[in-house]
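A.B. asks: Residue strings, one per chain:
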Amino acid sequence: MPYAVSNGVRLYYEEAGKGTPIVFVHEFSGDSRSWEAQMRHFSRRYRCVAFNARGYPPSDVPASASKYSHVIAADDIANVIRRLGIGKVHVIGCSMGAYATLQFGLRHPRRALSLTAIGAGAGSDPGKRRQFLRERAAMERRFREQGMKAVARVVQRAPHRIQLAIKDPRGYREFWEHFVEGSALGHALTLRGIQTRRPTLYSLGSRFARMKVPTHLVVGDEDDGALEPAVFIKRVCPAARLTVVRATGHVVNVEEPELFNRITGDFLNLVESGRWRPRDPRSYNPSTMAAKA
Amino acid sequence: MPFTDSNGVQLYYEEVGSGFPVVFVHEFSHGLRSWEPQLRYFSRRYRCIAFNARGYPPSDVPASPAQYSQAIAAADIARVMRDLGIRKAHIVGCSMGGYATLHFGLRYARMARSLTVIGAGYGSDADKRAQFLRDTGVMARRFEELGTPEAITVYQIGPARVQLQNKDPRGFREFCEEFAGHSALGSANTLRGVQARRPTVYSLERGLRRLKVPTHILSGDEDNNCLEPGIFIKRVCRAARLTVVPGTGHAVNVEEPDAFNRLTDEFLALVDSGRWRPRDPRSIAKLAKARRK
Numbered sequence: 319m320p321y322a323v324s325n326g327v328r329l330y331y332e333e334a335g336k337g338t339p340i341v342f343v344h345e346f347s348g349d350s351r352s353w354e355a356q357m358r359h360f361s362r363r364y365r366c367v368a369f370n371a372r373g374y375p376p377s378d379v380p381a382s383a384s385k386y387s388h389v390i391a392a393d394d395i396a397n398v399i400r401r402l403g404i405g406k407v408h409v410i411g412c413s414m415g416a417y418a419t420l421q422f423g424l425r426h427p428r429r430a431l432s433l434t435a436i437g438a439g440a441g442s443d444p445g446k447r448r449q450f451l452r453e454r455a456a457m458e459r460r461f462r463e464q465g466m467k468a469v470a471r472v473v474q475r476a477p478h479r480i481q482l483a484i485k486d487p488r489g490y491r492e493f494w495e496h497f498v499e500g501s502a503l504g505h506a507l508t509l510r511g512i513q514t515r516r517p518t519l520y521s522l523g524s525r526f527a528r529m530k531v532p533t534h535l536v537v538g539d540e541d542d543g544a545l546e547p548a549v550f551i552k553r554v555c556p557a558a559r560l561t562v563v564r565a566t567g568h569v570v571n572v573e574e575p576e577l578f579n580r581i582t583g584d585f586l587n588l589v590e591s592g593r594w595r596p597r598d599p600r601s602y603n604p605s606t607m608a609a610k611a
Numbered sequence: 007m008p009f010t011d012s013n014g015v016q017l018y019y020e021e022v023g024s025g026f027p028v029v030f031v032h033e034f035s036h037g038l039r040s041w042e043p044q045l046r047y048f049s050r051r052y053r054c055i056a057f058n059a060r061g062y063p064p065s066d067v068p069a070s071p072a073q074y075s076q077a078i079a080a081a082d083i084a085r086v087m088r089d090l091g092i093r094k095a096h097i098v099g100c101s102m103g104g105y106a107t108l109h110f111g112l113r114y115a116r117m118a119r120s121l122t123v124i125g126a127g128y129g130s131d132a133d134k135r136a137q138f139l140r141d142t143g144v145m146a147r148r149f150e151e152l153g154t155p156e157a158i159t160v161y162q163i164g165p166a167r168v169q170l171q172n173k174d175p176r177g178f179r180e181f182c183e184e185f186a187g188h189s190a191l192g193s194a195n196t197l198r199g200v201q202a203r204r205p206t207v208y209s210l211e212r213g214l215r216r217l218k219v220p221t222h223i224l225s226g227d228e229d230n231n232c233l234e235p236g237i238f239i240k241r242v243c244r245a246a247r248l249t250v251v252p253g254t255g256h257a258v259n260v261e262e263p264d265a266f267n268r269l270t271d272e273f274l275a276l277v278d279s280g281r282w283r284p285r286d287p288r289s290i291a292k293l294a295k296a297r298r299k
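As they're listed, the protein sequences go chains A and B. The numbering of the first sequence is my numbering, which starts it at 319 and goes up by one. The numbering of the second sequence is my numbering, which starts it at 7 and goes up by one.
For reference, chain B alone in the conformation it holds in the complex:
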């Protein structure tokens, strides 16, 4: 099995295709398997790399929550790339991996040709923050006390997962089966180290205003925790464009692989062509005027 080394932590990865590299960063409840439709599609034109985060076997599962954080998650992307001799890549991440992708762009801008950020924003909205931290604690305890298969019975039909269950029962079953195989310790540590401690999207405003890396934000229209953060990023970051996908929950790439691949293909091709441009300042004039008043 292929592994890269990140400060003594072994990270499992898979690779397919050749060309300019694309690195896929998975979400909390779905390991690198969640990128299967993307690996099959984008490997026709790109060198595709998907890796399992720390805490997700076959990657190592460090025993202490202190070894998991948002900064470490972003650094792990950089270390995987360096280990594979990659200086620059398109980065594509979902949810927890979307946050990691965003932070990677803020911290390692020179290593990113573009950022694709799906379903990032959980824990950001002030009115839902307390609920999010409470849910994170409850879920971490469930993993520790019940083990993964029992812990996830309530999670897998959460408010932004039922869309997958309704629209693609086979995909939903596969998602549940894969999720049930996750490490309980790794999942609990991830929740405590990353989710519960990461900064909100809103607190990243200063960095986002300066971010120059072409960025594509995607969210399902029923992913309640990501809509406002997505609009916020679009408004403060001139390098960002926003897509909201109809009738869709959290993991857009899993729920709507065709639409996601098409949109992402267009975005990557635009960036690769050299014709990508940040938002035209003339399109923000009205907002600026309104703010001055």
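Next comes chain A alone, as it looks inside the complex:
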């Protein structure tokens, strides 16, 4: 099995296709297999790499929470592409992986051709922050005490995951079959090390305002925790554009693979053509209809 080593931790990866590289960064409840529909589509034109985060076998599962953080997650992306001899890369991440993707853009902008961030922002809303932290702590205990199957029964009914059950029962079943194969310890430590300690997206506003990497934010219209953070980044970051996908929950690439591949292909084409431009400053004009306020 192919591994890339990041600070002593072995990260399992899969690769398909040739050309400009794309690295896929999975979400908390998924793993590299969540990108199957993207690997099959984009490998026709790109060198596609999907890796399992630390804590997700066959990647190593370091036993201490101090080995997991949002900074380590971003550096793991950098180390994977370094090990593969890749200079610059399109990075595509979902949820926890989207947060890592955005952090990668902030910390390693010269190595990013573009960023695609799906459903980032959980835990950012100040009004629901305490609830978020409480729920994460409870879930961490459940992982440790009851194991993957027990957690799956709860997580798969989450308000932003139920959409997949409704629209694609087969995809839903496969998704949770993969989930229960994961490491309960790895998930518990990921929750403790990353999800509850990472800064909220709102606290990173001034850094996003300066970030120049072409960025595409994608969010489902029923992913309630991610809508406002996405609009926030769109507004503060001139390099960002935003797609909201109708009647869709959290994992847009799994729920709506065809639509996601199409809009992502459009975005990558624009960036690769050299014609991508940041937002026109005239569009920030506070006037509602005229050229000058």
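Just so you know, these hints were derived from the structure itself, not from any lab. A portion of the hints provided could be inaccurate.
Quick partial rundown of chain A residues pointing at chain B, CB under 7 Å, derived from the structure [to be verified]: (1) E463; (2) P477; (3) I480; (4) L545; (5) R559; (6) V562; (7) A565; (8) E590; (9) D598; (10) R600.
The structure presented is a predicted model; accordingly, all values stated were derived computationally and were not measured. Ideal Cβ positions, reconstructed from N, Cα and C, are used throughout, including at glycine.
Starting from the structure of chain A, add chain B where the hints point.
C.D. replies: Only chain B this time, still in chain A's reference frame:
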């Protein structure tokens, strides 16, 4: 020329195709010509009707602002349909026409099989309301004092129009040329009678909560005045789904005709198939819980 009669006001319309009817309701700065890519596409499967609102020649231009209002705009859609013997239709509207479409759904629900609402929300956000009313007054005076071609020089490069100028110079030129031909009196009266007096999206909450007509809300991600209203409608109305289109300003159907036609085609086909469903209550559980606290 074909006209329908709405309480003595003659409304010009065009019709193409056969099948279940779709009625297109245009925005303030772009008459029925703005629907050209939609008329050409959807006429393959639907009976498409586009009409010019009152105030937009060849439709009549009533001389008093009192003859223009949000309620009248919604009633005009109903009268066009009745005149053409149409009992029920898909309604598709942009901006001012999006508001009219929404109000049509609230007032004439039995005549609507679905609602597609593009770029509605101007004048709704409290922090931008004063600016909007000021801009509306300034623009109305410009139309009256300067005539249309001179009045619109600042409007056509407003903050949510520059996107079209940047991405499609030919489409932008056509938009400006068509706009310059509008009636100055009709435009001023529309601004004073409709825009300045219509209720905000937020004030429609009670009706939106009860609305059962399948509804698709669309907004460009740079259309500053429509993002929050769009998210609001999605959250209060279980019949609503929301799409935000990346790198896009106000008139999504004009700026991104391919993407708009594809999304709308999917939506109409879903509704026509009988498989459309309102938002699953399980996807709102977290919000309800948060609100109770």
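A.B. asks: Next item in the hint list is A565(A). Is there a CB on chain B closer than 7 Å to its CB?
C.D. replies: Holds - the Cβ of A565(A) comes within 7 Å of chain B, reaching about 4 Å at its closest.
A.B. asks: Closer than 7 Å between Cβ atoms is the bar; does V562(A) clear it against chain B? Give me holds or violated.
C.D. replies: Nearest chain B Cβ about 3 Å off; hint holds.
A.B. asks: How about L545(A): closest beta carbon in chain B under 7 Å, or not?
C.D. replies: Hint holds; L545(A) Cβ to chain B Cβ min 6 Å, cut 7 Å.
A.B. asks: The hint names E590(A) as touching chain B; please verify it with the least Cβ-Cβ distance against 7 Å.
C.D. replies: violated (15 Å)
A.B. asks: Given a cut of 7 Å on the nearest C-beta pair, is the interface hint for E463(A) held or broken against chain B?
C.D. replies: violated (23 Å)
A.B. asks: Hold the hint about I480(A) up to the distance rule: shortest CB distance to chain B must be less than 7 Å.
C.D. replies: holds (5 Å)
A.B. asks: Against chain B, run the beta carbon of R559(A) and see if the smallest gap drops under 7 Å.
C.D. replies: holds (4 Å)
A.B. asks: Against chain B, is D598(A) within 7 Å by beta-carbon distance?
C.D. replies: holds (5 Å)
A.B. asks: Against chain B, run the beta carbon of R600(A) and see if the smallest gap drops under 7 Å.
C.D. replies: holds (5 Å)
A.B. asks: Hint validation: P477(A) versus chain B, beta carbon distance must be below 7 Å. Holds or violated?
C.D. replies: With a closest approach of 5 Å, the P477(A) hint holds.
In this structure, the earlier hints numbered 1, 8 are contradicted, and the remaining ones agree with it.
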